[in-house]
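Visitor: So for the sequence shown, the working numbering puts the first residue at 77; every next one is plus one.
In case anyone wonders, no lab produced these hints; they're calculated from the structure.
All values derive from a computational prediction rather than experimental measurement.
Heads up, a few of these hints could be off.
[Unchecked claim] Just the calculated beta-carbon pair ranges, DEER-fashion: (1) L220 / T270: 26 to 32 Å; (2) P97 / A235: 46 to 52 Å; (3) K79 / A268: 30 to 36 Å.
From the three backbone atoms N, C-alpha and C, an ideal C-beta is built for every residue, glycine too.
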Amino acid sequence: MNKVNFKTGDGVRLVGVWELPKKPTQKAIVLAHGISVDKDEDGIFTELAKLLKESGFAVFRFDFRGHGESEGNSVDMTITGELKDLDSAINLVKKDYQKIGLLGASFGGSIAALYSAVNKDLFKCLCLWNPTLHYGHTFLNPYLPWLKDKKDQMQKDLAEKSWTEIGSKKFKLGKQLFEEMKKLYPQEALKAITIPTLIVHGDKDTHVPYIDSKEYVSFLENGQLITIREAEHGFHDNKKHRERVLKETLRFFMENL
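Generate the whole structure from the sequences, applying the supplied hints.
Guide: What follows is the structure in structure tokens.
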């Protein structure tokens, strides 16, 4: 495991980690984490990186600004900023690797989709875990347990102090992020993605609607949805679910990268 520091185009210092296979390769996979977590994605990215490395892939995972070891405050994070972060990570990776795959989890899935839609020639394939494909359904007008009962308080906070808190970690998010969410549509971005794309989503997700993945997978030219029955968001709470996700993800990259 090699830790690196790198800077974005707008001067933010980010921290990333390389997992490199024993034999040289031209194949690399970039992992983009979700909101309020970090490059380990509560441990499952660590497991995935090890599995992919052992299968011959180079793996790069990093902390978005305002997360983990990277610079910045979470209250200042924006979709625009995360797109810049991902772009900087990709630029770092493509210096040494010709075949690149991308995986985005949860909110990172929305960033991966938006980025892939306008950078069509960069990736060989795309994988999305329980992706936030509709900002309205997850954040602006949430109807799942994670934020449903907090909607009114969130709107009050944003109006009165320009920031609010989400989740059990009380992760602070600013008003600018929510304003961006009103104008950006990850689900529509899927229509511009032509590379092989795998969506993996649990049908008991209480954070990000599974039904969105089920509906919007049809927007992809070359897309597939794998449903993990009875699985919660992030696949952290059940070993069998986690093992299935890792197995299907490895298979996808082995076949398409």
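Visitor: All hints, please: hold or fail.
Guide: Now the hints, each set against the structure:
Between L220 and T270, the C-beta spacing of about 30 Å keeps the proposed range 26 to 32 Å intact. For the pair P97 and A235, the supplied restraint of 46 to 52 Å holds, since their beta-carbon distance comes to about 50 Å. The hinted range of 30 to 36 Å is satisfied by K79 and A268, whose Cβ atoms lie roughly 34 Å apart.
In terms of the numbered hints stated before, the structure departs from none.
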